[in-house]
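Going down the list, the sequences are from chains A and S.
Mapping the first sequence onto the working numbering, position 7 (from 1) lands on 7, and the numbers just tick up by one.
Mapping the second sequence onto the working numbering, position 110 (from 1) lands on 110, and the numbers just tick up by one.
Hints listed in this document are in silico derivations from the structure and should not be mistaken for laboratory results.
Some hints here could point you the wrong way.
[Unchecked claim] Distance windows between CB atoms, simulated:
1) A:159 x S:104: 22 to 30 Å
2) S:149 x A:66: 17 to 25 Å
3) S:21 x A:166: 16 to 24 Å
4) S:10 x A:50: 32 to 40 Å
5) A:82 x S:58: 33 to 41 Å
6) S:90 x A:55: 45 to 53 Å
7) A:55 x S:37: 45 to 53 Å
8) S:149 x A:166: 31 to 39 Å
9) A:156 x S:136: 18 to 26 Å
10) S:21 x A:61: 30 to 38 Å
11) S:101 x A:176: 44 to 52 Å
12) A:177 x S:70: 39 to 47 Å
[Said to hold, decoys possible] Below, a sample of chain A positions facing chain S; criterion: calculated Cβ distance under 7 Å:
13) 68
14) 78
15) 88
16) 177
17) 181
18) 199
[To be verified] Think about it this way: if two alpha-carbon atoms lie no more than 30 Å apart in a straight line, the pair counts; the simulated DSBU-like pairs of lysine-lysine are:
19) S:99 x A:94
20) A:94 x S:147
21) S:67 x S:99
22) S:67 x A:93
23) A:93 x S:147
24) S:67 x A:94
No residue lacks a Cβ here, since even glycine has one placed at the ideal position from N, Cα and C.
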Amino acid sequence: MQRSINIVLVVLVAVAAVFAFFVSRESLALPGETPAPTFTFQARPSPTFVPVSTLAPDALRVFSVGPLPADFRFVTIGDAGDERLLLIDLSGKKVALVAHFEGNGSFTEARVVETTSVASGETVVIHIRSDRPTARLYVIHPVTGEVRSLTIPRSEQPRLSPDGATLAVTRNSQDPDVNGLWLLTRVTGSVAGWSLTPVDARRECCSGRRMGSGSPRSSTLEDRLS
Amino acid sequence: MIVVDTAGGATPLLGRADDARWRGTELLHWSNVVPGPVDVFDAATATPSGAAYPSPAGVVVDRVEVKPRSMDLAVREHTATTLPRIVLYDAVTGTSTVKFPDAQLVLGFWWSSDATRLYAWTIDNGTTTVRDVLSNETAVTFCFRVKIDPPCP
Numbered sequence: 001m002q003r004s005i006n007i008v009l010v011v012l013v014a015v016a017a018v019f020a021f022f023v024s025r026e027s028l029a030l031p032g033e034t035p036a037p038t039f040t041f042q043a044r045p046s047p048t049f050v051p052v053s054t055l056a057p058d059a060l061r062v063f064s065v066g067p068l069p070a071d072f073r074f075v076t077i078g079d080a081g082d083e084r085l086l087l088i089d090l091s092g093k094k095v096a097l098v099a100h101f102e103g104n105g106s107f108t109e110a111r112v113v114e115t116t117s118v119a120s121g122e123t124v125v126i127h128i129r130s131d132r133p134t135a136r137l138y139v140i141h142p143v144t145g146e147v148r149s150l151t152i153p154r155s156e157q158p159r160l161s162p163d164g165a166t167l168a169v170t171r172n173s174q175d176p177d178v179n180g181l182w183l184l185t186r187v188t189g190s191v192a193g194w195s196l197t198p199v200d201a202r203r204e205c206c207s208g209r210r211m212g213s214g215s216p217r218s219s220t221l222e223d224r225l226s
Numbered sequence: 001m002i003v004v005d006t007a008g009g010a011t012p013l014l015g016r017a018d019d020a021r022w023r024g025t026e027l028l029h030w031s032n033v034v035p036g037p038v039d040v041f042d043a044a045t046a047t048p049s050g051a052a053y054p055s056p057a058g059v060v061v062d063r064v065e066v067k068p069r070s071m072d073l074a075v076r077e078h079t080a081t082t083l084p085r086i087v088l089y090d091a092v093t094g095t096s097t098v099k100f101p102d103a104q105l106v107l108g109f110w111w112s113s114d115a116t117r118l119y120a121w122t123i124d125n126g127t128t129t130v131r132d133v134l135s136n137e138t139a140v141t142f143c144f145r146v147k148i149d150p151p152c153p
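The shape of chain A in the complex, shown without the other chains (with noise of 0.2 Å):
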């Protein structure tokens, strides 16, 4: 009884093993075609620059611009309080906004503005006063919109080294101590921060004289950014 079901059984999946081969083939292809293998190709998503913005203190909104063009040129335009940084691209043909001033801020009466970039273009510097007794500088870089608020005493035409490292200002003042050329540069190591530093024939030279209280971290003031 046993061995006559097992018959059974192997004829109905021989049976249903038939079956499934005509159907497929029916359903699967056409009379006369053969499937042709289908591949797809799909396309990676090449980076895209995503602009970003920055609001920096006084009302200054920054930037990024992304990869810098071959032939390019940094002018600052506008009126008073909606002074632009634009980014002219030369081989592009267009015009690309790296900074705006959203606005007077603090620094309303006897307002400059005033620019100083590296050759490559990768650091840019404004530097802005009025008639308050502190000016800011504001670093930016405008590939990535990264931007430093910096307050520092009054002074005028910046003018940043070649390597971005050192900015020398001019200080315009009755007290011969202040009056004449000065230099910001970056302190890193163990005390990092900013100094700025006077550069005077008429003194020994850098006789370790800083402004404000004395200590290179008071010599200026790094505004957080909002």
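Chain A is already provided as a structure; the job is to place chain S on it using the hints.
This is chain S only, laid out in the frame that chain A set:
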């Protein structure tokens, strides 16, 4: 003008100057108030070394841009009776060629890094334009205020 080094040293008074440009170790300097040449101070030898541009009599040099890898200069100049203009000074022949006859509205000018183009940036009624004055080709036009793209006023 005196030249001060970052170590605190300084030259004697070199004369009147309102602006300057580096050309290697040479510092080109001039007055943009009174007529006179573009003089040279050689920082390598710490001595004055003649004139880079012996401007004609009565000519006030407003601004100078040094042509890269060359002794030639682009000069914006004027006299008491003539409009500002931009000339190209050929240092080999000692001659000048006018490249921008009426430079009243020029905000600035500069050389391309490969020295093949001399860009002048002008403003006219709220619209600013940068063009290559050697080929007279417009590079870009943009707005002075609010927007970037024209139309501006």
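Hints versus structure:
For residue 159 (chain A) and residue 104 (chain S), the hinted distance range of 22 to 30 Å is satisfied, since their beta carbons lie about 28 Å from each other. At roughly 18 Å, the beta-carbon separation of residue 149 (chain S) and residue 66 (chain A) lies within the given 17 to 25 Å, and the hint holds. For the pair residue 21 (chain S) and residue 166 (chain A), the supplied restraint of 16 to 24 Å holds, since their beta-carbon distance comes to about 19 Å. Against the hinted window of 32 to 40 Å, the Cβ-Cβ separation of residue 10 (chain S) and residue 50 (chain A) comes to about 49 Å, which falls outside the hint.
Under the hint 33 to 41 Å, the C-beta atoms of residue 82 (chain A) and residue 58 (chain S), about 40 Å apart, fit the expected range. Distance hint check for residue 90 (chain S) and residue 55 (chain A): the Cβ-Cβ separation is about 50 Å, which falls inside the suggested range of 45 to 53 Å. Under the hint 45 to 53 Å, the C-beta atoms of residue 55 (chain A) and residue 37 (chain S), about 48 Å apart, fit the expected range. At roughly 37 Å, the beta-carbon separation of residue 149 (chain S) and residue 166 (chain A) lies within the given 31 to 39 Å, and the hint holds.
A hinted range of 18 to 26 Å is violated for the C-beta pair residue 156 (chain A) and residue 136 (chain S), which are about 36 Å apart. Between residue 21 (chain S) and residue 61 (chain A) the Cβ separation comes to about 33 Å, which falls inside the hinted range of 30 to 38 Å. Evaluation of the 44 to 52 Å hint for residue 101 (chain S) and residue 176 (chain A) yields a pass: the beta carbon distance comes to about 46 Å. Roughly 43 Å separates the CB atoms of residue 177 (chain A) and residue 70 (chain S), a value that falls within the hinted 39 to 47 Å.
Because the beta carbon of residue 68 (chain A) sits about 12 Å from the nearest beta carbon in chain S, more than 7 Å, this interface hint is broken. A least Cβ separation of about 6 Å between residue 78 (chain A) and chain S falls short of the 7 Å threshold, and the interface hint therefore holds. Given the 7 Å rule on beta carbons, the hint for residue 88 (chain A) holds: about 6 Å separates it from the nearest Cβ of chain S. Below 7 Å, beta-carbon pairs count as interface contacts, and residue 177 (chain A) has none with chain S, the closest being about 15 Å; its hint is therefore violated.
For residue 181 (chain A), the interface hint holds, the least distance from its beta-carbon to any beta-carbon of chain S being 6 Å, beneath 7 Å. Hint status for residue 199 (chain A) relative to chain S: holds, with the closest Cβ pair at about 6 Å, below 7 Å. The suggested pairing of residue 99 (chain S) with residue 94 (chain A) holds, with an alpha-carbon distance near 24 Å, which does not exceed 30 Å. About 13 Å separates the Cα atoms of residue 94 (chain A) and residue 147 (chain S), which keeps this hinted pair within 30 Å; it holds.
At roughly 14 Å between alpha-carbon atoms, residue 67 (chain S) and residue 99 (chain S) fall within 30 Å of each other, so this suggested pair holds. For the suggested pair residue 67 (chain S) and residue 93 (chain A), the alpha carbons sit about 22 Å apart, so the restraint of at most 30 Å is met. Under the criterion of a C-alpha separation no larger than 30 Å, the hint pairing residue 93 (chain A) with residue 147 (chain S) is consistent with the structure, at around 16 Å. A C-alpha spacing of about 24 Å is found between residue 67 (chain S) and residue 94 (chain A), which places the hinted pair at or below 30 Å, so the restraint holds.
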